[in-house]
Amino acid sequence: MLAQVDFVPVATPTVVWAGLVPLMVLGGGAVLLVMFRSVVKRLPTDYESWVTTALGPVTVVAAYVLGGVAGQDLPLSGVRSNVGDGWFYLGFLVVLAVSALLVWSLDIGLDTAFTVGVAVTTLSATWMLWGDRVMVDGAFNSIGEQLGVDGFSIVFTGIMAVAVGLTALLLDDYIEREGVGGVEMYVLLMLSAAGGVVMASANDLIVLFLGIETLSIAAYVLAAMHSKRLESLEAGLKYFVLGAFSSAFLLYGIAFVYGATGSTNLIAIRTFLDANTLTDDGMLLAGFGLMLVGLGFKVAAVPFHAWTPDVYQGAPTPVVAYMASAVKAAGFAALVRVFVVTFGAYRLDWQPAVYVLAILTLVTGSVLAVVQRDAKRMLAYSSISHAGFILVGVQAATSRGTAAVVFYALAYTFLVIGSFGVLTAVSGQGDRATTLEDLDGLADRRPALALAFTIFLLAQAGVPLTTGFVAKLEVIGAAVEAHSYWLALIAMLTATVSAFLYLRIVLAMYVGKSSEEALAAPRARIPTAVILVIGIAFVVTVGFGIIPDPIDQLARDAVPQLVASG
Amino acid sequence: MSEVIVFFFAAAIILVGAVGVVVARNPVHSALFLVQTLFGVAIIFLIQDANFLAAVQIMVYAGAIVILFLFVIMLLGVDSAEELDVDPIAGQRPLAVVLGAALLGVGLTVVLVAAKGITGARATAGGEHALDNGLSDVERIGRVLFTEYVFAFEATAALLTIAVIGAVVLTRRAAAADMLPDREPASFELPPLAPAIDEEEEH
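Just so you know, the sequences run in chain order S and U. Here our numbering is used: position 47 in the first sequence is 720, and no number is missing along the way. Here our numbering is used: position 91 in the second sequence is 1441, and no number is missing along the way.
These are calculated hints, taken from the structure and not from any lab test. Nothing here was measured: the structure is a model prediction, and the numbers come from that model. Mixed in with the good hints, there may be bad ones.
[As the list claims (entries may be wrong)] In silico SDA-like links for lysine to any residue, alpha-carbon gap of 20 Å or less:
id	chain 1	residue 1	chain 2	residue 2
1	S	Lys901	S	Gly1101
2	S	Lys901	U	Val1356
3	S	Lys714	U	Val1514
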């Protein structure tokens, strides 16, 4: 009987493994780490530090080999043919030695070193995908028509990797200091970032939704990780309940769009919308609206922002750095891919909605930020106003607008991780000393930290010679080019209002007097890893603020595309 | 015609159940109303010829998941009713009613106005395997899962991994002695909501 069954041949989707390398490194790294730690609770102290140091060279080799898998050739093959094999291997050995030395001098734990290694490997893979494939042969699909690889998705993958690496470095000392969490924080961080990568490269609304859920569920848990603080538990619960609620909106919107277009595939939806004019587009428009609500929640756009201040204040500070950078960036990646690229033909219908959202977000974010007394809360509101700026770029719905979104997301990632890096260092045991009173007189106690924080805040305010200025310039330029003059004007006005808030923190640090408690407290050592994070953020912010051309070019090349057929 | 009658019948079951979940004061009643809703959805699946989905709907959702809900409710104490008399944020309930009504209005408008051409295009999911090629629905789901939606399938696996890790992590709570004292919210902002957490403070 069985032999008589007719088998219909199954057309399996084409898989381009190279395009999946960043995703597999992040996801596989997380699984490896959790498996390792569930078997080995803790290595004997000597071995632990040896293995950690060894992870430096291992990372370099993994980045080299997996970069080669992602690209068409091994990384640096151009350099290799220029300088000759001998010198190249010598240089490679030097890099290996330096990496071991670096890990050793950072004095970080095994889990941190592993996570940073995963982030570096992901970055190497994205770099090779960018230079060796997408910029040479153009965008392609990695699994059937479900996951695309284009400049846009690669840049956002890079942002995820950067956020994971820097957050892991911040977490290293934090976990020890607070006595909370452990390896699961790194694992959730990597898995969450993998979800972000899926979001940025999804070519199907179902895949997009799964990416969002992966990103968010890990973030909910991370927000509640400081199990000794009620605020943290509350933040996790609040984020979870509201996040689940917003996911329902998104899903409802996806269902409507599916009903109107007959597909959840972005490529098919765009083909359909380009070729047909719907006589009744009510269903499609309702779908747009509901999806905008769902994605607006993820990027904390007003009026879907209510969770942000409480969650940012309650969640562990390094986790906030991750949420403000990676989660927000992934949300905007999805917003651009779905609305600007897929629903481009209907932009006259959704642009007004985004226009209003952008204005509300800009005004609410900057005005409410001014009256806060806690720096984490202030930065939460400021992150809302930054979301407003990025929405200005989305609203333009032009290639220049998209480039501005990419630039802003890149710049803001470093800015916000730097800012929360400083707050991690000063928040003290219990992760609480983040009110303005606690920051009073920081410049006397910690001149270098205060200076770095000042630069990050000024950059967020949009002072020239920082990436923050160029980013704001780009979005406003895009808005003007799209003839959204009022929006551009409001964006500039709110930038002025929020400058007041940043200056208020700066003033507290430089003019305020340290409380006696703060002066009496023993001067805690700031871990090297945190200094490294702040240093990297500082160099990027100022360096690319003075010479913005490389990032600018990168943002312009990061074009989101939907490529039909794999 | 019979399909329409069955649809409205099932829709009534679903709606009554859904309203019941929200309105019922006793959590066990809510869970039972949820079973009713899920049953109605299963009927809708049946009239769409999705027999397998209907079976799964009943076995997994009405069976396993609601039982799990009931289990948790029993574990936490059946008689712990929620305090509904105090409005944590003044005016949020009337506002919720207004916004909910507005949302319902939008939904109804969309459905009623667009009733003549509600679907812009014929569904393409499943490609050449869609509907009329004589395959059983189980076979069709299997094919679609391993071709068109293979990545979504794998991503779901990752999602479940995270859910497991997250659940395990969150069940480990700090000892009461380790808890840091609660600090006043450092702003004029709305007081923290979430009555569940406020309750814990008092204990």
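Indices of hints not satisfied (ascending): Violated hint (a single one): 2; every other hint is consistent with the structure.
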